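Residue numbers (my numbering), protein chains in the order written: chain L, 25 to 392; chain Z, 342 to 976.
Bear in mind the hints are in silico, worked out from the structure with no lab data behind them.
Model, not experiment: these values are computed from the prediction.
Please note that a few of the clues may not be correct.
Claimed, not checked - In silico lysine-lysine, BS3-like type, Cα no more than 25 Å apart, as pairs:
1) L:LYS264 x Z:LYS573
2) L:LYS264 x Z:LYS564
3) Z:LYS440 x Z:LYS466
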Amino acid sequence: MIPVPPAVQRIPWKLIALLSAITGFGLLVLYSAAGGSVTPWALQQGVRFIVFLLVALAIGRMPIRIFEDFSYLGYLGVALLLLAVEALGFVGGGSQRWLNLGFMNLQPSELMKVAIVLALARFYAQLPPGSTRTFNALWPALVMIGIPAALVMLQPDLGTALAICASAAIVMFVSGLPLWWFGSAALAGLAALPILFSMLHDYQQKRVLIFLDPESDPLGAGYHISQSKIAIGSGGIFGKGFLNGSQSHLDYLPEGHTDFIFATMSEEWGLVGGLLLLLGFFFLLRWSTRVALNARTRFGQLTATGLTMTIFFYIAINLGMVMGLAPVVGIPLPLFSYGGSSMLTIMTCIGIILAIENDSKKRHSRLS
Amino acid sequence: MSRKKSPPITETWRGLTFTRRTLVVGGGQIAVGAALATRMGYISIIDNDRYVLESESNRVNLTLIPPRRGWIVDRHGKALANNRVSLRIDIIPDRMHSKELVLGQLRTLLQFDGDAMARIERDLKAASGFQPVAVAEDVTEQQYASILVRLPDLPGIAPTRGFARNYPTGAAVGHLIGYVGAPTAEEYEKVKNPLFITPGFKTGKDGLEKYFEELLRGKAGAKRVEVTARGKVVRDLSTQPDTQGKTVHLTIDADLQEYAARRMGPESGAAVVIDCLNGDILAFVSMPSFDPNSFSDGISNAEYGWLRADDHQPLINKATRGLYPPGSTLKPMAAIAAIEHGMDPSERHTCIGGYRLGNRFFRCLGTHGSVDMPTAIMKSCNSYFYWVADRLGYDAIAPTAKMMGLGEEFQLAGSNQRYGTIPDSAWKMKKYGQPWSASDSLNAVIGQGYVSVNPLQLAVMASRIASGRKLYPRLVSRQFSNEPLPFSAEAFATAREGMNRVVNAPGGTAGRSRLPLDGIQMAGKTGTAQVRGLNTGNGKGGTWKFRDHGLFICFAPVENPRYAASVIIEHGMGGSRAAAPVAKDIFTFLYDREKAMEALTAFEAGWGGTIKERMDRDYAAWKAGIARPDPGLAQ
Numbered sequence: 025m026i027p028v029p030p031a032v033q034r035i036p037w038k039l040i041a042l043l044s045a046i047t048g049f050g051l052l053v054l055y056s057a058a059g060g061s062v063t064p065w066a067l068q069q070g071v072r073f074i075v076f077l078l079v080a081l082a083i084g085r086m087p088i089r090i091f092e093d094f095s096y097l098g099y100l101g102v103a104l105l106l107l108a109v110e111a112l113g114f115v116g117g118g119s120q121r122w123l124n125l126g127f128m129n130l131q132p133s134e135l136m137k138v139a140i141v142l143a144l145a146r147f148y149a150q151l152p153p154g155s156t157r158t159f160n161a162l163w164p165a166l167v168m169i170g171i172p173a174a175l176v177m178l179q180p181d182l183g184t185a186l187a188i189c190a191s192a193a194i195v196m197f198v199s200g201l202p203l204w205w206f207g208s209a210a211l212a213g214l215a216a217l218p219i220l221f222s223m224l225h226d227y228q229q230k231r232v233l234i235f236l237d238p239e240s241d242p243l244g245a246g247y248h249i250s251q252s253k254i255a256i257g258s259g260g261i262f263g264k265g266f267l268n269g270s271q272s273h274l275d276y277l278p279e280g281h282t283d284f285i286f287a288t289m290s291e292e293w294g295l296v297g298g299l300l301l302l303l304g305f306f307f308l309l310r311w312s313t314r315v316a317l318n319a320r321t322r323f324g325q326l327t328a329t330g331l332t333m334t335i336f337f338y339i340a341i342n343l344g345m346v347m348g349l350a351p352v353v354g355i356p357l358p359l360f361s362y363g364g365s366s367m368l369t370i371m372t373c374i375g376i377i378l379a380i381e382n383d384s385k386k387r388h389s390r391l392s
Numbered sequence: 342m343s344r345k346k347s348p349p350i351t352e353t354w355r356g357l358t359f360t361r362r363t364l365v366v367g368g369g370q371i372a373v374g375a376a377l378a379t380r381m382g383y384i385s386i387i388d389n390d391r392y393v394l395e396s397e398s399n400r401v402n403l404t405l406i407p408p409r410r411g412w413i414v415d416r417h418g419k420a421l422a423n424n425r426v427s428l429r430i431d432i433i434p435d436r437m438h439s440k441e442l443v444l445g446q447l448r449t450l451l452q453f454d455g456d457a458m459a460r461i462e463r464d465l466k467a468a469s470g471f472q473p474v475a476v477a478e479d480v481t482e483q484q485y486a487s488i489l490v491r492l493p494d495l496p497g498i499a500p501t502r503g504f505a506r507n508y509p510t511g512a513a514v515g516h517l518i519g520y521v522g523a524p525t526a527e528e529y530e531k532v533k534n535p536l537f538i539t540p541g542f543k544t545g546k547d548g549l550e551k552y553f554e555e556l557l558r559g560k561a562g563a564k565r566v567e568v569t570a571r572g573k574v575v576r577d578l579s580t581q582p583d584t585q586g587k588t589v590h591l592t593i594d595a596d597l598q599e600y601a602a603r604r605m606g607p608e609s610g611a612a613v614v615i616d617c618l619n620g621d622i623l624a625f626v627s628m629p630s631f632d633p634n635s636f637s638d639g640i641s642n643a644e645y646g647w648l649r650a651d652d653h654q655p656l657i658n659k660a661t662r663g664l665y666p667p668g669s670t671l672k673p674m675a676a677i678a679a680i681e682h683g684m685d686p687s688e689r690h691t692c693i694g695g696y697r698l699g700n701r702f703f704r705c706l707g708t709h710g711s712v713d714m715p716t717a718i719m720k721s722c723n724s725y726f727y728w729v730a731d732r733l734g735y736d737a738i739a740p741t742a743k744m745m746g747l748g749e750e751f752q753l754a755g756s757n758q759r760y761g762t763i764p765d766s767a768w769k770m771k772k773y774g775q776p777w778s779a780s781d782s783l784n785a786v787i788g789q790g791y792v793s794v795n796p797l798q799l800a801v802m803a804s805r806i807a808s809g810r811k812l813y814p815r816l817v818s819r820q821f822s823n824e825p826l827p828f829s830a831e832a833f834a835t836a837r838e839g840m841n842r843v844v845n846a847p848g849g850t851a852g853r854s855r856l857p858l859d860g861i862q863m864a865g866k867t868g869t870a871q872v873r874g875l876n877t878g879n880g881k882g883g884t885w886k887f888r889d890h891g892l893f894i895c896f897a898p899v900e901n902p903r904y905a906a907s908v909i910i911e912h913g914m915g916g917s918r919a920a921a922p923v924a925k926d927i928f929t930f931l932y933d934r935e936k937a938m939e940a941l942t943a944f945e946a947g948w949g950g951t952i953k954e955r956m957d958r959d960y961a962a963w964k965a966g967i968a969r970p971d972p973g974l975a976q
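Throw the hints in and build the complete structure from the sequences for me.
Given below as structure tokens:
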């Protein structure tokens with residue numbers, strides 16, 4: 025038997041296979057959503073995946089020290105980009121979420137999902153253990169979360185703002201802050217819910233109301249949720265068969281290749297397809313959680329947990345939305361939905377987690 | 342929990358806390374994942390049936406195919422109402438994005454005038470959003486094609502190839518058959534039948550079309566098509582053909598009906614022909630009429646206004662809803678009543694140009710000298726019948742009038758009748774609270790005063806005198822006993838002989854209207870009903886609407902009568918002058934079509950063409966704003 029060279033052994037084949045399986049399934053669905061054509065979505069998405077996969081593997085080879093050193097700088101840079109977007113929108117006379125870089129449209133808010141986790145992880149990694157229960161452990165984190173969350177809300181992009189807050193909160197949680205802080209914050213949030221609700225834009229309020237009662241407006245704003253549920257429900261256990269989804273092919277399902285791609289998939293592949301996809305995501309998150317638990321440094325632990333939450337938040341909110349369990353907030357399904365920005369974010373997350381994994385493999389963890 | 346009791350925070354504690362909390366977070370994520378899986382299972386297994394149904398109702402659009410309406414045919418199976426292929430254009434208001442743009446395009450493509458646009462705007466306002474509004478029916482193939490190719494730019498426009506109601510003889514059957522039209526929004530609200538809002542579906546709105554609606558409607562077919570969310574048809578899935586409505590067989594003779602209608606010419610009036618063997622109505626004409634084809638296609642404001650403005654009242658069925666003083670046409674009936682009350686028909690009365698009742702003198706139209714009963718009928722001598730009425734009183738005559746069908750409302754398919762009055766003392770006491778007077782009897786016996794009847798009743802009376810049986814008029818094959826009338830043969834013989842002499846004896850009032858046939862003679866009775874009040878002329882000329890009505894009842898042949906008829910010409914100035922010649926030609930047509938057509942052709946040349954030609958010209962003139970010339974001055 026030919027010995028496998030170490031360079032090949034170091035490549036995370038299992039992870040690549042898992043990512044390719046999920047994305048490949050997504051490509052099939054995109055192919056069907058386009059009416060049985062690789063254009064305009066499947067081909068481009070496939071090429072994009074390969075490029076971003078290489079980027080992720082490259083990131084995974086980088087020493088974890090780099091992320092820690094540049095975390096604050098990166099955070100600041102992304103925050104400035106967010107400001108720039110806001111300013112551009114102000115000058116342009118409308119809301120804007122992206123910067124045109126020529127070859128792609130960059131959404132700084134997507135980068136912020138990663139940057140906030142890195143910045144907070146570094147903050148808590150540097151925090152002396154004795155300060156964990158002091159106010160000093162809280163306020164800088166709150167400022168770091170508050171600024172980007174507010175900027176993203178201004179865009180207005182409720183979904184991304186929530187994603188930023190959720191990942192950040194998880195980092196704070198696992199860094200050992202007192203439980204009662206979270207308990208009282210949750211209570212305060214609950215109490216402030218009506219006020220927060222009144223601060224939302226009209227269309228956002230409407231989406232939340234429609235989510236609570238989708239049948240109230242089946243042809244208007246509740247249309248998305250109704251049609252998505254019809255697509256999933258009519259698929260049954262085994263689905264209508266590849267290329268046979270009427271909801272998506274006859275345009276009843278809006279955004280069938282982006283935010284509502286899960287409904288497109290479920291219609292043709294049924295519950296079986298849905299559970300397989302959930303299983304794929306389970307393996308992905310199990311891997312990243314294990315990386316977090318086995319991480320050698322505290323920065324690695326916190327980062328891996330936070331990024332796991334970032335990926336999970338995408339999946340949970342998107343699936344909740346298409347099944348009528350969450351409001352329509354416009355969050356894509358990782359690796360599955362057509363689109364560059366979200367894939368860039370996810371693959372960056374995976375790359376960083378991979379770097380943490382490589383780091384822990386290199387030297388024996390001093391924590392274990 | 343108190344912070345003071347907590348152990349000091351060390352790296353080890355922090356690491357343990359991290360592991361514990363990360364496991365909690367992971368567990369929470371698994372719980373959420375399980376919840377999502379459960380939710381998906383619930384939607385796709387438990388609710389599967391419901392969502393499959395909703396998905397199908399999304400995908401499949403069921404289009405109803407309006408059923409072809411049943412034909413209405415005459416006694417020989419000839420169509421009075423049938424269907425023809427029709428290309429139509431509709432608007433579905435809900436699907437229309439820019440009304441101005443679409444209507445503007447339509448106007449150019451279909452070359453609409455302002456009148457048609459006004460009708461569409463009016464209908465659009467009245468319709469609820471999902472209810473189609475007819476833009477045009479019977480567009481040409483070219484126009485249809487021009488709409489089809491521009492369909493992507495005309496959202497809300499629905500062109501369909503279907504069937505439309507067709508009335509081959511047009512205005513000749515307007516009042517008899519009625520017409521069809523698109524159901525109104527109220528009708529749809531009542532039944533909620535989706536067929537009612539299907540483009541091209543029509544229901545009977547009047548006459549027999551309305552009466553036999555259930556029979557004629559048939560069953561809708563259905564076409565299942567796959568459509569996209571934007572309503573674009575992807576492919577046909579299946580088609581179930583419609584079931585045509587049942588055919589309604591009438592007793593009408595279509596050719597006779599058309600002939601009678603045409604023979605009325607420009608006059609306003611009615612003609613009813615009844616088969617003396619069984620009560621079949623062979624012709625049922627009220628003229629002028631409307632063209633039911635126009636109504637069924639959605640009549641324009643202007644055309645409806647034109648019909649309403651006509652003082653000859655084309656929208657009223659005069660055969661059943663026109664009430665007229667019957668005048669002298671009641672005299673044969675009065676003769677029968679007199680004989681039944683013991684009068685001897687050969688008893689003579691001397692006409693001195695009138696009859697003196699107390700200090701009043703009731704005038705006769707002539708001075709007829711000594712007349713017996715048949716001669717009195719022949720000469721239409723008022724004095725004789727004044728004398729009869731004075732002797733018997735009208736309470737003796739009224740029951741006979743009612744036995745003859747006067748004042749009766751008949752159970753007749755699809756007709757809406759005004760049945761008039763046969764007065765007697767009880768009626769007058771009830772209505773006016775006054776006792777009956779002898780002068781009331783004198784007026785009533787010559788068909789004036791309180792007496793009013795419709796043309797259908799007069800025809801029934803003629804058929805009953807001719808047959809001696811209580812014939813019940815019918816338009817469809819229904820069984821009636823038609824038992825003999827309880828009058829003596831002598832009474833009938835006298836009345837018939839009098840009517841025979843009216844036409845065929847020298848000196849009869851309708852001597853000019855003998856049938857131009859060998860061996861077949863017609864018996865009849867003229868009537869002239871006064872319309873005028875005081876100071877409006879003598880009824881023999883002057884303004885059209887103050888002239889006397891001309892009436893005529895008749896039957897033929899004199900021996901063994903087969904056909905009976907009544908003809909009323911409004912303001913025709915006399916029965917012998919206006920009504921009898923029409924009846925003569927109608928009867929001629931029954932026996933010798935060529936001869937009758939010859940006469941009609943000559944007449945129509947003088948009148949300016951067939952009914953349709955004259956109506957079209959009249960309508961065009963009316964639209965051009967030319968006032969209708971007063972028919973009184975035109976003569």
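Consistency of the hints with the structure:
| no. | hint | result |
| --- | --- | --- |
| 1 | L:LYS264 x Z:LYS573 | holds, 22 Å |
| 2 | L:LYS264 x Z:LYS564 | holds, 24 Å |
| 3 | Z:LYS440 x Z:LYS466 | holds, 12 Å |
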